[in-house]
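Using the sequences provided together with the hints, build the complete structure.
Residue numbers (numbering that gives the first Met the number 0), protein chains in the order written: chain S, 0 to 347; chain C, 0 to 516; chain R, 0 to 45; chain A, 0 to 396.
Take these hints with a grain of salt, some might be off.
[Said to hold, decoys possible] One side only, chain R facing chain S, incomplete, derived with CB under 7 Å:
hint	residue
1	Tyr-4
2	Thr-5
3	Leu-6
4	His-7
5	Met-10
6	Ile-17
7	Met-21
8	Tyr-28
[As the list claims (entries may be wrong)] Distance condition first, Cα-Cα at most 25 Å in a straight line; then the derived SDA-like pairs of lysine to any residue:
hint	chain 1	residue 1	chain 2	residue 2
9	C	Lys-501	S	Asp-72
10	A	Lys-78	R	Thr-36
11	S	Lys-121	R	Trp-16
12	C	Lys-408	S	Leu-180
Note that these hints are calculated values from the structure, not bench results. Since this is a predicted model, take the numbers as computed values, not measurements. We put the beta carbon where it would ideally sit given N, CA and C, even for glycine.
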Amino acid sequence: MQRRKFLGLLGAAGLMTTAVAGQAQAAGSKHFEGYPDSFGVLHDTTRCIGCRKCEAACNTVNKLPKPDKPFDDLKVLETERRTTDTAYTVVNKYETSKGLKFRKIQCNHCLEPACASACFVKAFTKNPTGSVTYDESVCVGCRYCMVACSFNIPAYTYNDPITPKIMKCTMCQPLIAEGKLPGCVEACPKEALTFGKRVDLIKVARERIRQYPDRYVDQIYGEREMGGTAWIYLNGVPSPEVGMRDDLGVASAPELTGGALATVPMIVGLWPVLLTGIYAVSKRKDKIAKEEKRQAVTAALTKAAADAEVKLSAALTKAEVENKKQIEVAVKKAVEESAKQPKTEGEA
Amino acid sequence: MRADIVKIDAMKVYGKLELAPVTFLHDKHTDAVAKAGKDCKACHKEDESKRLSLTFMRLKDGSREEVKEIYHANCFKCHKEVKAKGEKAGPVDGECRLCHDAKPKTVSVWKPVVLDRSLHARHAGSKEIKPADVQYKDNCGRCHHEFDEKTKKTFYAEGKEGNCGYCHLTQAKTPVVKPGETVEKTIPRAIDAASHAACVSCHLALTLEKKDAGPVKCAGCHTADSQAKIKVLKEIPRMKRKGLPDAALLAAPYLAPMKEPIKEGKVLAVNPVAFNHKVHETVSDTCIACHHGAMESCSKRCHTLSGAKEGQFVLLDQAMHQQKSMRSCVGCHAVKQADPKCAGCHKVMPQRSSEASCAKCHAKPMPEEAKGQELTLEQKQAIATKMIEAREPMVPLTVEDIPEKVVVKGVADQYENAEFPHRKIVMKLTEGMKDNKLVAVFHDQYSICVGCHHMSPASKTPPRCASCHGKPFNPETPNRPGVKAAFHQQCMGCHQKMKNPKPADTACVECHKEKKK
Amino acid sequence: MDAIYTLHDFMLNSKNWIYILMGLGLIMYVCWWLFLTSRDEPKRIT
Amino acid sequence: MSQDTAAGKGNLFNIISGIIILAGLVVTFLRFTQGLGGVTNLDNNNPWGVWIGFDLLCGVALAAGGYTTSAACYIFGLKRFHSAVRPAILTAFLGYAFVVFALHYDVGRPWRLPYPIFVSPGTTSLLFEVGLCVFLYVSVLFIEFTPAAFEWLGFKKIRKVVVKLTLALTIMGVILSTMHQSSLGALFTIAPSKLHPLWYSTYLPVYFFISSIFAGMSMVIFEGTLSHHYMHGLMDKTHLDEADGVVLGFARGASMVMMGYVFIKIIGLVSDGTWQYLSSGYGLLFLTELLCFVALPAMLYGIGSREKNLKLIRWTSLLTVLGIVFNRFNISMVAFNYQLPSSQRYFPSLMEIVISIFVVTLIVTVFRFITTRMPIFYEHPEYAEHEEEPAAHGHGH
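Dropping the structure here:
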């Protein structure tokens, strides 16, 4: 299925097909690789044991409220969870064809973040470190970022009436900036989470697949999904078995909306031309019709003048009567209307 | 749920079928025929040598209409007869789609039969199956045969017995007759036709003679139930094939020497492998597990050094070393390593080939006898036998050499130091290796240490883990975990691979107690 | 200006200009139309 | 006697709207004291509910009558629609004004609604585009509406200035409408993984724009029907004389546009290769939407306009309006998050629905307030002559 041909928008107005194609092509030839040396995390789900140490560490580092059930209560894993406004990361348990598997969920810090692309107040920033962070101070609370995120990550403090905000993993941006590890990575006892430069992590992941061909499926999830993510995954089972969609495609959010955005200036550029054109044509038609009518009357008059006087006077009378009638109709209409609206007129 | 479904689509050879193939239940008809007091000949004709044809009521296919008529006339005739007796009978003329059912409801539970070593030995040792000719001691020739192109007859060639499938393929080849050729080419029958003709007719004959015989009905061989009931010999005698070697010297073909000092003769391309054929016979069910295409030497026609069409261009080295193939030495051994008893060491660390591991098979140095000359088969076997006998048995480490307890220090502030029952674990691992011939050949004293102390040279005093595993995520060594993860990966990985669920991965305090605050 | 590393940043930058240009373009159209029609005879109504 | 009935109807209307407005005020209080969580069924997986699906998407689509009618009259020169322009502009203005009003409920911090334009413009966002256009278009509609108010208030000079701008404003209105109507659809192009493939298309913006045209036309017919029923007395002769022509003309126009819409929807199915989903449950929903709510009304409109069957056209307009609501609901709610298990799907809470009804009631109330006071359904006698050639006051001079 080819759903993501964002050039498909061309039809927005049949007229501008060529113009838009040119536009999109120019954007398409420009290629962006993301910040060089940006960081990422490789999550090897075959190593994850579901101990929830990462959840606990995340909670502490980000000073989130303590959960109802403690982090060493592993019964929590029995129900599938997602990130919420009080948990930037959660670990889920999956029954797979290769037995129980666990997977940590958090913001994947896309290379081309959909949330940032969707935000109409630039509240999200892709940092050179690789993290995607959120600035509460400009957020209006439209929640389009939540609609846009393919991974269903951003959460919202729905119960806050005054200062509701988006809550989402920051990849521990303050810690990375200090040269430290993100809280969850630091806490992982098995290095199921490997922190490093994304380019290196891709190599590490490839190496692991090469060394243990039986242990891994031959895919680095997040290498290309949604244009690539800073968090990448190695799985022992096909990704849907551990709750990761394999139908996200590789087009990034700005690519998906680029076509629609590209048509906007074309509308502004061409609609006035088209509409004034139509206006001018219809205007001109009116003018010609009027002119013809006038000429017809004149011609009739001229012809009549050459004719017999009787005929002339008859024609003149007829024309007069017509004129009179028209005036009468107009006057009558005005009188009728003013009669209908005595109150309004009075006020005026 | 039947094992006796025969799809009758004989008309296929004449072009597109007009109706769906007939789903024919063979056993059901066998029973009905027997009940009517008839035998196989009611449906199958005998040829001049009194052998039953596998096709229905004919020896040779005629025209399309003829064959069609044979089926319709004979089927209907019998069905009508049965019906006349007032019994339940099959469809007759006009009820086309009762037989030609495009969506039959019957589910097939048919299973292929494997003539494994036990079953083979039971046939070879059977008193009812007599040798093919008085000149032979054994009865191999009753089944195994070769084909004589001149006489167009099969004959028994002693010492050349091979798997039926070598010639009788799953689907028989179509004969290639060049224009102008009138000679009728004989193509070996497909394996199903060949085996039914051979096995079932023999079983049938013996059954008629009221002797101990194998099954004759479909369900007798082709269901899981019946296969489970097949008697398995406890002690399986070796096959009696002439020239079956005890040991073989596996070596790449001879090449002219490259080095100056050896001027005369040819040399082996690589150091040869002394292969214990006798032991390997006992660990595999059939000969074709290894000899999958022919009984001869692998490198003779198929897996040559440069590859050959017969071997689908799989080179000799690949044929022996392919990880993924169960026919290769390495592939089969890798499966053995996946045994939970072995997997703790073998499946946790990445697989690595080293010079030492090559030398485990390929004798080093090259045996003196094999140098600079081409050897006969007997000479090779003798060398191999000698090499196998010379193998030293593995001497396990003495208990005293194994530290009893190892304390893992510097565990995160949340927990106490971990006390690791080192000796207990080593002993447990050693126990799993006992009495295993494969283990004995491929392991030495320190192999068991290397399972965990993986990168260091084999010794009684390997370096501490932390000397390599330091801080995690060192960009210089991206594949080397930090010390905490190294321990957890090693311990948990081994427990998981050896199917030892205790302690659970998340039972932190069972290895290191929680620190009191 | 710093180098641009992501498509998103590139678009943010280019779209800023495009929106400004769109505003200017609309004004330009009005001015141009007025210029085009400035010599037309003023129409008489009635 | 007819006056009594009208008065009775008026009272009943006042009572019902009074109750709704009271309930709306209660929920409003809860919304701004308890937060969104207190009154809505929205959650982290379903961030947009009926306030976006109905108040924004349907509100904007159904207010499209403003630009379609004014464009038909002033740009395409179809003068016979002239009397329909003012009611359409007023409906559109109120529609958009209340879309903005309703957004105050939905967004977390409504006082920051100007931020995208004045503080931190996120120009990569289609929502920015929508926001900017809606902001500008509300302003345009307001200016387009002001002549009626100025006539009412007697501000002749300023009215003259505004009337001169008619053509410019109309063109501006069409541009802005094209942009934001389509961008509302394009909002969903960012989430191909969440919107069911039958509805997801790169043509979404085109679909939204085209459907807004017939949505607007149908709304003019529908709203005209209601107005004629309840406000007959306010209409002048021209309005009444032209009304049937407007209905017939719009029905024919809508019928044609809807056929085009059906065609491009089918093209979309084939070009994205999603036709294979038609046999699923969602396929049935999709076909219902396309056949029963677009293709069928398109035919009924056609028959109605051929046979001058005004009654049929009026009922069809209701069907079409419902179809638009159905389509917008499908895209924003039913087919959105289709991959989630049913336990995690969204269904609006009672309080959300109350607010939506509250907003509609407010629109109707304000509409009544304005139409009973200002020259909407009739031409102000003092200005009648000037209205004859409104376009001539545009750039022509």
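Hint numbers the structure violates, sorted upward?
Hint check: nothing fails, all pass.
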